[in-house]
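**Q** For reference, the chains in residue letters:
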Amino acid sequence: MSENHTSNSEESFYKSKKGLASWIFTLDHKRIALLYLYSIAIFFLVGMTLGFIMRLELFAPGGQLMNPRTYNQMFTFHGVIMIFLVIIPSIPAVFGNFMLPIMLGTDDVALPKLNLFSWWLYVIGAVMALSTLVWGNGPADTGWTFYAPYSVTSDTDVSMLLLAAFVLGFSSILTGLNFIVTIHRLRAPGMGWFKMPLFAWGLYATAWIQLLATPIVGITLLMVVVERSFGIGLFNPALGGDPILYQHLFWIYSHPVVYVMILPAMGIISEIIPTSAQRTIFGYKAIALSSMAIAFLGYFVWGHHMFTTGMSGEAAIVFSFVTFLVAIPTAIKVFNWIATLYKGSIHITPNLLWSVAFVFNFLIGGLTGLINGALATDVHIHDTTYIVAHFHYTMFGGTIFVFFGALHYWFPKIWGRMYNTKLAYWALGLVFFGFNVMYGAMLVVGIQGMPRRYFDYLPEFEHLNKISTVGSWFLVFGILLMIFNLVRSARKGKKAPRNPWNGVTLEWQVPSPPPLHNFDHAPILSEKGPYDFSILGEINKYETTKIDK
Amino acid sequence: MEHYKVPNSGHNRDDEGKKMGMWLFLFTEILLFGGLFLVYAVYRFQFFDQFKVIAEHMNITMGAINTVILIASSLTVALSITAMKKGNNKLAVLLLFMTLALAAGFLVNKYFEWTNHIDHGLFMGNDVFNELARGEGMFLFLYYFMTGLHGIHVIVGSVLLAMVIYKIYKGKINQPNLVFHENAGLYWHLVDLIWIYLFPLFYLLH
Amino acid sequence: MFSNASNFTNDVDLTFAIIIGISLFFLIGLTFLMIYFMIKYNHKKNPVATDIPGHMGLEILWTVIPTILVLVMFYYGWAGYTKMRTAPKDAIQIKATGRMWSWTFEYENGRVTDTLVIPLNKAVKLNLFSNDVIHSLYIPAFRVKEDLVPGDSNWMWFIGQQIGSYNILCAEYCGDRHSYMISKVDVLFPEEYEKWYKSTPKKALYGADAGQNLLKSNGCFGCHSVDGKVIAAPSFKGIMTRISEVKTDKGEEAFIKVDNAYIIRSIEDPNKEVVEGFGKIMPANNNLTEKELEQIIDYLKTLK
Amino acid sequence: MTTENSNNMSEDVHQPSYKLDFMTFGFLLILTALTIWASYATGGTTVLAVSIAMTIATIKASLVVINFMHLRFDNIVYKIFVGVVIVLFLSFMLMMAVDYAYR
Ligand code: HEA
Ligand code: HEA
Ligand code: CUA
Ligand SMILES: [Cu+2]
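Protein chains in written order, with the working numbering: chain A, 1 to 549; chain B, 1001 to 1206; chain C, 2001 to 2304; chain D, 3001 to 3103.
Treat the hints with care, since some could be wrong.
As the list claims (entries may be wrong) - Quick list of in silico lysine-lysine cross-link-like pairs, BS3-like style, CA-CA up to 30 Å:
| hint | chain 1 | residue 1 | chain 2 | residue 2 |
| --- | --- | --- | --- | --- |
| 1 | C | Lys2044 | A | Lys343 |
| 2 | C | Lys2304 | C | Lys2280 |
| 3 | C | Lys2095 | C | Lys2083 |
| 4 | C | Lys2089 | C | Lys2247 |
| 5 | C | Lys2195 | C | Lys2237 |
| 6 | A | Lys466 | C | Lys2198 |
| 7 | C | Lys2040 | A | Lys285 |
| 8 | C | Lys2195 | C | Lys2125 |
| 9 | A | Lys113 | B | Lys1110 |
| 10 | C | Lys2195 | A | Lys494 |
| 11 | C | Lys2304 | C | Lys2291 |
| 12 | C | Lys2095 | A | Lys541 |
| 13 | C | Lys2198 | C | Lys2237 |
| 14 | A | Lys195 | B | Lys1019 |
| 15 | C | Lys2237 | A | Lys528 |
| 16 | D | Lys3079 | A | Lys285 |
| 17 | C | Lys2083 | A | Lys528 |
| 18 | A | Lys495 | A | Lys466 |
| 19 | C | Lys2291 | A | Lys422 |
| 20 | A | Lys195 | D | Lys3079 |
| 21 | A | Lys528 | B | Lys1005 |
| 22 | A | Lys541 | C | Lys2304 |
| 23 | A | Lys15 | B | Lys1090 |
| 24 | B | Lys1019 | B | Lys1005 |
| 25 | B | Lys1090 | A | Lys541 |
| 26 | A | Lys495 | C | Lys2083 |
| 27 | B | Lys1090 | D | Lys3019 |
| 28 | C | Lys2040 | A | Lys422 |
| 29 | C | Lys2184 | C | Lys2125 |
| 30 | B | Lys1090 | A | Lys17 |
| 31 | D | Lys3079 | B | Lys1170 |
| 32 | D | Lys3079 | B | Lys1052 |
If you are wondering where the hints come from, they were derived from the structure by calculation, not from laboratory data.
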C-alpha cells in the first residue's frame, strides 16, 4: 500500500502524486491533515457567519433581522458546527495528523487506512448535519446540548442532527485510537516516554478522552433518536422518563470533551514557547503529567453543569470539589510556561504573540471557570451570557487562538513558504481587541443577569450588548485579514527554510514541505530530552539541502 | 541522498499495533453499552416493582440456551486461534464454521423469542404495550434496544469470522500472520462478554 | 453587586468578590510577568539563553498555593449554597408552575396569579413544577435560580429583604418564546401583603371577566394573542367566527368551522387537529371544569 | 475460588493451549448453572440476588477476558488499560448513584 512511490525522496509530498483522487483517497497523514484543515476551515467560516449574524440580531432589543425560531436554530447550528465540526477535530485532526508522526520520527500514523476512514466519517457526518438546512422540517432548535424533553418534542429535524453528531463522534474516536497506537508503537528508537515532545503528550491525554467518553454520548444521542421515532419515554417525563438522566449522560461526555479541545492546544503552546525563548522548557515532567491529570480528573466533574437541576447536595459538593481540583494541574502548566520565558533569548514572532494572547485569554476563561465551579456563584450565573463568555474565552480565546498560532508556527513547514509578518501582527491585534471587547461585555451583562439563548432582552442590557456587537466587527475584520494573509502567502510567499524559528523538535529536521516519507536523514535526538537547544547546530547543518518547490 | 527509511513505520506490518487498536476499539464498545447499562441501572432503581413484574415474561430457558450457545461459540473461536497458532489450518477453519453455526443458532433463537413477545403484543406501538405500566414499557424498550444492539454485534462478528475463513483459504492468514484472526476473535469474545451481563439483568432478576 | 435584595445576596456577592479578587491578582500578575520577560529577555538584549530544566521547590510551591486558594473558594461557594438548599420549615409555601411560555403562582389559600407577590422579610418556599419542558426560575436580584423539571418536583427558597419589584426570568432554553417568559416578583410590606392576600377573591386578579382570568392563569396568553398578532399560535381574535384549516392526527387535511366542541377539543387534546402552519407544541389542559370551559368560550366570543 | 484456580492453571500453561480453552469453557458453564440456580434460590430482585448475579457475571467476564482474550499472555499495558476502563465505568456509576440516591 505504500511502496508505490518511486520518485526521489527529496520531492515534497504535494508532488508525489496528482489529481483529486490522490487526495481524497490518500493514506498519507500529511494530506489527510490538509483535507481536515480545508473542511474545517469551511465550517469555521459558516459557524462564524452565524455567530456574527446572532450578534447583529442582539444589537438592540426586539427582533432586528429574524424571528425567534430562526435565532434558536442559528445558535443551535452555530454551537453544533463549532463543537462537533470545528473545535473537536481542529487541533488533533489537523496538526496532530500532520505533526505527530514527524515529531515521533516516523513516516505515518499507525493505522493509515483508519485515518482516511475517519476523515470520510467526518465528511459524512458533516453532510448529514448540513442536510438539515436543505430538507426536513428545518434545522434543529434545541441548543447544542439537546436537552430532553425539548429535543424529544421539538418538531424540527433533530434526529438527523443527532445522527450526524453520532457519526462525527465515531470519527473522533477513531482519530484518538490511532494516536494512542501511534504513540505506543511508533516512537523513534531512543525516544522514551519522557523524551516525547509535549504536543505528543497533549494528544495522548486527549486521545484517551476521545476514546472513552465519546461512546457514551453516542449511545445517548442514539437513544434520543430512537425515542423520537418510537415514542418511548426514555427521557420524556410525559411518558415516565427522566430528563435528568439525559443530562447526566450528556455531560459525562461533554465535560471531558472540553479538555479534548484544550489539551492539544496546551501541547502546542508548550512547543511554541521554548522555541521562541530558545531554551529548554521549564518543568517538562510537570507539564506532561498534568495533561494526564487533567484528562483523568476531567471525567469526574460533569455534574457542575447541573447544579440547579435539584441535584442532591452530596453530589453537588463532590462535583464542585473535583472541579476545583482540575484547576490545579492547569495552573501548574501556566506557571511553567511563564517560567520558560525567564532567562530565555526571546524572539518575538506572530506565533509567540498568538501564544501570549492565548495565555491571557485562557487565564480569563479558566478563572471565570472557577466562579462557575463555586456552588453559590454558579447558581447565579448558570445559563447566563456569563457562561457564554466563559466558554468563548476558553474555546475561542483558548483553542482557536492556538489553532491560529499553530498555523503561523507551522506555516513554513506545511506550505514551505513564509507569510507577511506585518499583516500577521495587524490581524492578531484586531482579533485580540475585538475578541476581548465582545466577550468582556458579555461577561458583565451575564453577571447582571441576562440569560443565554435569548432572542430578545430587557432594555437594561442594551448598552453592553451594543458594545459586544461592535467588538465582533473588529473580530471579523481581523480574522478576514488573517485568512487573506495566509491564503495569499501559501501561494506567493517567500520560500521557507527548513528551520525558520530554530526549533529542535523533529519536524524542523525534515524539509519544508516534507517529502512523502518525511525523513531524508536519521532524526537527531538529544539525550537531554526534546527541547535541548545545544543540538541546534547539528540540526541546522541540513539547512543547505536544496528544497524543490 | 539515499531515501531514509524510518525503523518504526506506519507502513510496516505491526501486529502488536493492530491488536492494540482492536483492544482500544473494544473499550469504546464497552462504554457504548456502558451508557445503556447506566440507563438500565437508574430505571431499575426508579421502577423497581414494574421491572420485577415485567421480567416475568422473559423465558429463562431460552436465555440460558443462548448463554450456553454463546459460551460455546467463544470456546470454538478460542480453540480455532489456538489451532492456528499451532499451524493446524484445517482444524481452525472447521472450528470457525462451528462458531458460525452457533452464531446462527443464537440469532434464530433470539428471533423466536422476539416474535413470541411481539405476538403477545409486547412491542412498541402495540395496544398491549401501550397499556403497560410506565416502568414496564421501559424495561421492554431497554430489552429490545440492548439485545437488538447486541444482535447487530453478533452479525458483525459473524461477518468478520467469515472473512477470516475466506482469508485462511486465500492463504492471507497463516501461522505467523494471524492478527486478523486474533482480532476477529477478540471482537467475538466481546460479544460474549456483553451477553454475560445482559443475561442476568434481563432474565434472572425477576 | 452588593445589594441586599434577598438573604443570599451577601453570601453570593462575597464569594464573587473573593474569587474575582484572587483571579484579578493572577491575571494581572501573570500578564505583567509575561510581558516583562518578553522585554527583558528579548534576544537583542539577551542573546544567549540560560537553560533551566525545572525547579522542584517552585513546582511544589505553585501546586500548594493554588490548592489552598481553591479550597478557600470551594468553601465559600459551598457555604452559600448550603443555605440555599436548607429551607426553614415555617416558610410560606407557594406553588410555582412554568409552561411554554408563562408562569403561574398558586398560594396556600388557592389564589392564582401570574406575578409573584411576597411579604418583606418572610421566608418563601417555591415548589417548582413544569407541565412541558424544563424551565428555570431565575431572579437575578435575589441571586437565585432553580430548574423546573417536568415529572419531578424541585424547590427553592428565599427571603425578600427590600421593598420593590424585581424581574423573574426563564433561564433554561424552552423554545421559541424562551426570552419572553418573564414575570415580576413584588416584595410588599407584610401588612400590605396580608391585605392583598385576603382581599381579592379567589382566582380573580385581572379584571372582571372570568374567561379572561382563566386564560391568563392557565398561561394561554403565552402563545395566543387577542389582537390578531401571531405570537406562537393562532390569535384568539375572531376565533369563534373562523374556519380553521387543520391537519388531523391521521394526517388528513380538513376545514373545520370553529364551534364550542372544537374549542374544547383544542384545549383537551390539541394534537388531534393541528392548525396548518403550526407545530404540535400546545400542552393539553384537562384541569378545566365544564363551567370554566364555558366561561372561556364566552370570553372568546367577545373577541371580534 | 476462581482466582485460585486460574493461578493453578497459569502454572501449567504459559501460552495458549486447548486445555486452557476447555477449562475456561468448563468454568463458564458451571458458573452459568450457578447463577441460574442462585436466582431461584435468592428469589428474584433482592439486593442479595442482584449482588450475587453481578458478582458471578463479573467472574465469568474476567474468565473470558483473561483466558479467551489472552489478557494473561499480554503485555502489562493492556492490563493497565483494562483496569482504567473498569475503574472509569464504576466511577460513572458511583457518581450518578450519589446524585440519585440522595435526591
Ligand atoms: C475549551 C473548553 C473549556 C475549558 C478548558 C473549560 C475549563 C473550565 N471550565 Fe468550562 N465550559 C466550557 C468549556 C470549557 N471550560 C463550555 C463549552 C461550557 C458550557 C457548555 C454549555 O452549557 O453550553 C462550560 C461550562 C462550565 C461550567 C458550567 C456552568 C454552568 O452552566 O452553570 C463550569 C462549572 O463549573 C465550568 C468550569 C470550568 C473550570 C473550573 C475549568 C477549568 O479547567 C479552568 C482551569 C484554569 C484556570 C483556573 C486558569 C489557570 C490557572 C491559574 C492562572 C492559576 C491560578 C489559579 C488558581 C488560584 C486556582 N465550565
Ligand atoms: C469553537 C467554538 C466557537 C467559536 C469560535 C464561536 C465564535 C463566535 N460565537 Fe459562539 N458559541 C459556541 C461556540 C463558538 N462560538 C457554542 C458552543 C455556543 C452555544 C450554543 C448553544 O447555546 O447551544 C455559542 C453561542 C454563541 C452565542 C450565544 C447565543 C445565545 O445564547 O443567545 C453568541 C452570541 O453572541 C455567539 C457568538 C459568536 C461570535 C460572534 C463568534 C465569532 O467567532 C464570530 C466572528 C465572526 C467572524 C470572524 C465572521 C467572519 C466571516 C464573515 C463575516 C463572512 C465570511 C463569509 C462567508 C464564509 C460567506 N456564540
Ligand atoms: Cu421557559 Cu425558557
Ligand atoms: Cu464542564
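**Q** Which of the numbered hints above does this structure break?
**A** 4, 5, 6, 9, 10, 12, 13, 15, 17, 18, 19, 22, 23, 25, 26, 30, 31, 32
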